[in-house]
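Q: Work out the full structure, taking the sequences as your base and the hints as a guide.
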Amino acid sequence: MSKALLGIYGILLLVWATMLILLLVAGRFIVPLELPVPGTFGTVLSSIIRTILGIALALAWLYGWKKLYEAYFWRLIEALERQKER
Amino acid sequence: MELSSSIGPSLVAFFLSSISTFVLIPPTASFLRRKGIVGIDVHKASKPEIPEMVGITFPICLALSLLGALFLAPQEAFRCMLSFYLTVLIVALVGILDDLKGLGPKAKPLLTALGGLPILFLGYNPRPILPFVGATRLHYVYPLAIPLAIAVTSNAMNMADPVNGCMSGSSSIIFLTLALASLALGREDALLLACASLGYALVLFYYNRYPARVFTGDVGSLSIGAAIGAIAILGRMEIVAIVAMMPQIMNAFTILTSVGRLFERKELSERPTRLSSDNRIYASTSRRAPITLTRMILAAKPMEERELALEFFKLTAFSSILALLTALLMEA
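One line per chain: the protein sequences are F and Z, in this order. Here our numbering is used: the first residue of the first sequence is 21, the next is one more, and so on. Here our numbering is used: the first residue of the second sequence is 1496, the next is one more, and so on.
These are computed hints drawn from the structure, not numbers from a lab. Cβ atoms here follow ideal geometry from the backbone N, Cα and C, with glycine treated the same way. Heads up, a few of these hints could be off.
[Claimed, not checked] List time: in silico EDC-like cross-link candidates among lysine to aspartate or glutamate, alpha-carbon distance up to 16 Å:
hint, chain 1, residue 1, chain 2, residue 2
1, Z, K1601, Z, E1762
2, Z, K1796, F, E98
3, Z, K1530, Z, E1544
4, Z, K1539, Z, D1773
5, Z, K1796, F, E101
6, Z, K1539, Z, E1762
[Unchecked claim] Simulated restraints, written as ranges between beta carbons of each label pair:
hint, chain 1, residue 1, chain 2, residue 2, range
7, F, L79, Z, E1765, 26 to 32 Å
8, F, E101, Z, V1636, 27 to 33 Å
9, Z, S1781, F, I69, 41 to 47 Å
10, F, G30, Z, S1772, 43 to 49 Å
A: Right under this line is the structure:
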């Protein structure tokens, strides 16, 4: 297998590993999060904050995945263009 | 249903699905050819015409398989099997419409999302399990996520079918992964559904592999994608399915972001790949062509069609191994 193809596997592995790290972070810090607000309002507010933080983390992960993929893709295309010029 | 008692019905579902697919595809292909429902195999120099829409057999074979398994499976499995089947059927109908009439780029994802309705109405568990987190409580968000998940999985599979056998082979690997994960996690109903789908996908691959004798059409790729999504939701293996489908999701996501909107294939001014006279497929270097996984693989190394499909399978197999590791972490 070529080194360039290996990079795609590397991206998948990295994306998976970061997903697990983010899940670990979510499990440690976001899930147990309780705001010091008493009553039903406090419970609802805590749930909303947890959901927002969870979604933000997921979006950040997706954005990182996209950036990594695109960066590697254009690197491959540039290498291909250089190859063509030669 | 006990896991040990679900293995029998799952095996029956697998064999019934395989046998019915093996028997049904050839006459369906002949019928479609007679009706002029054919597609051109663009990656062959001779540009042969291949029967399109053979994926229409998926809901038929699935019905035969699930009905057969129903005699052996306990009654509680019926609801789960029904919601799964209706999801596949709705998305298959959307696929038929798309194949025959051509749905717009916005209508297709919206209509495929309707496939989530049977799961919403017939019951689901809003507590997906995540590694390191455990069972989450998503009572408000989860119902909204179900139609979205069905739309994502079905359209992602639909967009990841660039060459002969690619979608059918990759989906076989994903169904196998879901079946193994169901075994590991003790998800009896999901095991049955995954086995029924795996039986179909493997035989479809036999007919669809290089050089393809049949094309699945949008009806096939969309409904197979919906089946993956439905198994993931009903079996509470959402994260396993996401990881197993990473190549397909990555492909769909970057196509959409690079084009910047929902679009139809024919609207593209620049193709992402081109076929050379040496029968190898090359990546386009144009900045205006969409970023696809196929183009990325070919940018690394130009390949023949068969090699490209194999590369897709290797990537799906790799992500499926990661998915199984994720399932083990969920169990832990």
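Q: Does each hint hold? Answer for all of them.
A: Consistency of the hints with the structure:
Between K1601(Z) and E1762(Z) the CA atoms are separated by roughly 13 Å; this keeps the pair inside 16 Å, and the hint holds. Only pairs whose Cα atoms come within 16 Å are accepted, and K1796(Z) paired with E98(F) is accepted, the gap being roughly 13 Å. Note on K1530(Z) and E1544(Z): the hinted pairing holds, with a Cα-Cα distance of about 13 Å set against a maximum of 16 Å. For the proposed pair K1539(Z) and D1773(Z), the alpha carbon gap of about 11 Å is at most 16 Å, so the pair holds.
Among the hinted pairs, K1796(Z) with E101(F) is consistent with the structure: their alpha-carbon atoms are about 13 Å apart, no more than 16 Å. Pair hint K1539(Z) plus E1762(Z) does not hold up; C-alpha atoms about 22 Å apart against a cutoff of 16 Å. Distance hint check: the CB atoms of L79(F) and E1765(Z) are about 29 Å apart, consistent with the given range 26 to 32 Å. Distance hint check for E101(F) and V1636(Z): the Cβ-Cβ separation is about 44 Å, which falls outside the suggested range of 27 to 33 Å.
For S1781(Z) and I69(F), the Cβ-Cβ distance of about 45 Å falls inside the hinted range of 41 to 47 Å, so the restraint holds. Checking the proposed 43 to 49 Å range against G30(F) and S1772(Z) shows it is violated: the Cβ atoms sit about 33 Å from each other.
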